[in-house]
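Once you have looked at the hints, place chain Y with the ligands on chain F.
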Amino acid sequence: MQRLTEHPVLGPLGGQPISFEFDGIVYPAIEGDSVASALLACGIRTLRRSKQAGEPRGIYCGIGHCYECRVTVDGKSSVRACITPVADGMVVKPGPAPAEARP
Amino acid sequence: MTAFDVAIVGAGPAGLSAAIAAAEAGGRVAVVDENRVPGGRLLGQLHQESKDSWWIGQKVAAGLGERAAAAGVELFCGREVWGMHPGWFLALDGGDTISAPHVVLASGAAERAMPIPGWTLPGVMTVGAAQTLTNFYRVRPGQRIAVVGVDPLSLTVAHELKMAGADVVGIFLPPLSKLSGQGGHPGHNLGYLSGLASLAPNAFLRAAAGLVRNPVARKAAARLYPESGVPVLGVPLKLKQSITAIEGDERVRAVEVTDIDAQGRPKGRTRLLEVDCVCLSGGLYPVQELTGGCAAARIDELGGQVPLHSEEMETTLKNVFVAGNVTGIEGAKVAMAQGTVAGLAVAARLGLAEPARLRDAIASVDDVRRTSPITFLPNVGEGRRKAGELWAAAGTHQQAEAQAWA
Ligand SMILES: Cc1cc2nc3c(=O)[nH]c(=O)nc-3n(C[C@H](O)[C@H](O)[C@H](O)COP(=O)(O)OP(=O)(O)OC[C@H]3O[C@@H](n4cnc5c(N)ncnc54)[C@H](O)[C@@H]3O)c2cc1C
Ligand code: FES
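Here the protein sequences come in this chain order: F and Y.
When you line the first sequence up against numbering that gives the first Met the number 0, it's residues 0 to 102, in that order.
When you line the second sequence up against numbering that gives the first Met the number 0, it's residues 0 to 405, in that order.
In isolation and in its complexed conformation, chain F is listed as follows (with noise of 0.2 Å):
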């Protein structure tokens, strides 16, 4: 994983660098993230973990059908990571919030 601030056809990246809170520590981002992209940048893949075996679980389909990404966002449960824009400050746990948990 690394952030493509350079690309071929695409040229160089914008977008203004910001930073937020994933499982107590903080990450830079940059605005247009999303949350699990912000992640991958920083080389954090797991997402939460099942309920059942502990299994980890990342990023699987990107756009909002699989919910394998689910966190916590500011209090909020079973946000999909994948579809979520990062903001500044925004505090992220993994998994979806306790009570609530799934399989």
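Among these hints, one or two may not hold up.
To be verified - Listed below are the simulated EDC-like cross-link pairs for lysine to aspartate or glutamate, each with C-alpha atoms no more than 16 Å apart in a straight line: (1) F:K50 - F:D73; (2) F:K92 - F:E20; (3) Y:K161 - F:D73; (4) F:K75 - Y:D92; (5) F:K75 - F:D22; (6) F:K75 - F:E54.
It should be emphasised that the hints constitute simulated quantities derived from the structure, not laboratory data.
Just chain Y with the ligands, lined up with the frame of chain F:
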């Protein structure tokens, strides 16, 4: 919530084109999309159209979005449509309702799952996810990437990943199984690739298709195809190897590669190849979550279950229209042409568009289809013909029913 003349589900190329056509004619239009960013599948698209022109989907999406806004279209982004009730009422997540006498369903396509062992590990994703991450969000999904599945989309995305500086270790076949169907068969894939030669959207696909143009060569090729694969613009196309498992504990570490014979049967030898990302391509299907009330048919040439519709894109439900990949898997330009037809059909019904304009738009869909720079399914024309016949039969049936009731 405010009332509209037409409510459109999906802000992809089809939905936005429908919105623009209806709104520029003077209609009041609402568009709902669960993604916060309008554009649908356009957002990740990037392929070469001719020697020095590129199809950059996010630019096309931005252009459509601006034109829709200028025409007064109201966009509800980040909102999901949960259901549709006669009248018509769209039920949104969170309890709001949008009502309009006309509806256009443009919910697009989704990717079929390819559940090979290990597929839930972080680092395994669909080719579509990899495409959006790379080209829209500008994050490379991995450094060493294996692509599984041979089709126009996987070949296109492999090339895009390579352009973004990733080491694409190969494009492999899925394991031969009921699930992968013919997808795990080297001979089938060679034939399929050769059919793509004329449909190829980019130099990469053309090179892949050119490998195997002649049928005799193709038969021999399935037997003689080298195990190490054939490099296509720097990406090895591994038609004699399948990925039989994905390994790792916290994330992808390697893929299990199995040599296969010309029939796709495993030859027993397997080995591990280190990668940090695996992109799966199981094929596309039309999303039918909201078309439940419309007469539909399974037409494999179009990618699966599709709603039957008239030339004007109306379904068997009065005033409910469809457009884009929800009616069958095709490229973005076809989706746009279908969207324009649906939007003008609504406008004509409202007395805002000349019937002649609508007829021209209908006629242009086939032209766009013929010159489309990308085709996903080889017999899509045949699929459209079948769908048309089924529609004609359904229409007759409905008329008969209506008369019986009268
Ligand atoms: C992974 C992938 C890659 C592709 N690559 C290419 C390519 O390179 N070139 C090409 O020409 N074609 C490509 N296609 C084909 C693509 O489907 C068409 O180009 C085109 O985007 C189809 O347009 P559409 O408007 O029908 O659907 P889409 O572009 O898929 O848009 C549908 C929209 O509807 C929204 N939606 C669906 N259901 C709901 C709901 N219930 N509530 C709210 N919103 C909803 C979705 O969020 C989405 O934004 C690709 C398709 C996929 C799946
Ligand atoms: S990755 Fe599938 S919903 Fe987010």
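Hint by hint, here is what the structure shows:
no.	hint	result
1	F:K50 - F:D73	21 Å, violated
2	F:K92 - F:E20	8 Å, holds
3	Y:K161 - F:D73	37 Å, violated
4	F:K75 - Y:D92	14 Å, holds
5	F:K75 - F:D22	14 Å, holds
6	F:K75 - F:E54	22 Å, violated
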